[in-house]
Amino acid sequence: MKLANHRHVSDNHLNNILEDNSMVIQLYGMLDPGPFISPKHYKGPEVEDIREVVEFLRRLTLPYYEEAKQYWHDADADEYFSGSNELSSYLPYTLKNIIERYGN
-8 MKLANHRHVS DNHLNNILED NSMVIQLYGM LDPGPFISPK HYKGPEVEDI REVVEFLRRL
52 TLPYYEEAKQ YWHDADADEY FSGSNELSSY LPYTLKNIIE RYGN
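Take the sequence shown: its position 94, counted from the start at 1, is 85 in the numbering used here, and no numbers get skipped.
Just so you know, the hints here were simulated from the structure itself, not pulled from any lab data.
Predicted model only: the values in this text are computed from it and were never measured.
Ideal Cβ placement from N, Cα and C applies to all residues, glycine included.
Don't take every hint at face value.
With a straight-line Cα cutoff of 20 Å, these simulated EDC-like cross-link-like pairs (lysine to aspartate or glutamate) come out [unchecked claim]:
(1) K60 - E39
(2) K60 - E37
(3) K87 - E46
(4) K60 - E70
(5) K87 - D69
(6) K87 - D65
(7) K60 - E46
(8) K87 - E58
Label pairs and their calculated CB-CB ranges [to be verified]:
(9) A68 - E10: 35 to 41 Å
(10) E43 - D67: 17 to 23 Å
(11) P30 - D65: 44 to 50 Å
(12) D65 - I28: 42 to 48 Å
(13) Q17 - L78: 22 to 28 Å
(14) E77 - E39: 19 to 25 Å
(15) D65 - P36: 28 to 34 Å
(16) S13 - L82: 43 to 49 Å
(17) L53 - M21: 28 to 34 Å
(18) F72 - G20: 19 to 25 Å
(19) E10 - E77: 29 to 35 Å
(20) W63 - I41: 16 to 22 Å
(21) R92 - H32: 47 to 53 Å
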């Protein structure tokens, strides 16, 4: 994941990232530091690719996402997502259903 203006970010084991939530907190801070930061000091999100950050957060926080993602192409080809909106595709129920339907 490329972070704008953060050239010295190194790879880290997932356990280290999740152990105290510091990396997740840092990512949220790079997206938006919050209302207590002076607007004149906020220059926008400090990430180069917002989709990459959101993908990372989905992998960390959405139940079943990581496994369901393996079957995303099959589900899409089968028009499983037709009629879905930007939220319904990521609901735990939907993700679990994708695993059950396409994982066997």
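Here's how the hints hold up against the structure:
A threshold of 20 Å between alpha carbons decides the hint, and for K60 with E39 the separation of about 23 Å lies outside it, so the pair is violated. Using a Cα cut-off of 20 Å, the hinted pair K60 and E37 is violated, with the two alpha carbons roughly 27 Å apart. For the hint linking K87 to E46, the alpha-carbon distance of about 18 Å falls within 20 Å, and the restraint holds. A threshold of 20 Å between alpha carbons decides the hint, and for K60 with E70 the separation of about 15 Å falls inside it, so the pair holds.
Between K87 and D69, the direct Cα distance comes to roughly 16 Å. Compliance with the 20 Å bound is thereby established for this hinted pair. A threshold of 20 Å between alpha carbons decides the hint, and for K87 with D65 the separation of about 14 Å falls inside it, so the pair holds. Our distance criterion of 20 Å between C-alpha atoms is met by K60 and E46, whose separation comes to about 11 Å. Distance restraint check for K87 and E58: the Cα-Cα separation of roughly 9 Å lies within the 20 Å cut-off, and the hinted pair is therefore satisfied.
Between A68 and E10 the beta carbons are some 38 Å apart, a value that agrees with the proposed interval 35 to 41 Å. Take E43 and D67: their Cβ atoms lie about 20 Å apart, and the range 17 to 23 Å holds. Taking 44 to 50 Å as the suggested C-beta distance range, the pair P30 and D65 conforms, at roughly 46 Å. Hint check: D65 to I28, Cβ distance near 44 Å, so the stated range 42 to 48 Å holds.
Between Q17 and L78 the CB atoms are about 25 Å apart, so this pair conforms to the stated range of 22 to 28 Å. The beta-carbon spacing between E77 and E39, approximately 22 Å, falls within the hinted interval of 19 to 25 Å. With their beta carbons about 33 Å apart, D65 and P36 fall inside the hinted range of 28 to 34 Å. Judged by the Cβ atoms, the range 43 to 49 Å given for S13 and L82 is violated: they are separated by roughly 28 Å.
A hinted range of 28 to 34 Å is violated for the C-beta pair L53 and M21, which are about 20 Å apart. As the Cβ distance of F72 to G20 is approximately 32 Å, the hint placing it in 19 to 25 Å is violated. Remark: the range hint 29 to 35 Å for E10 to E77 is upheld by a beta-carbon distance near 31 Å. Restraint check, W63 to I41: a C-beta distance of roughly 19 Å satisfies the suggested window 16 to 22 Å.
Distance hint check: the CB atoms of R92 and H32 are about 48 Å apart, consistent with the given range 47 to 53 Å.
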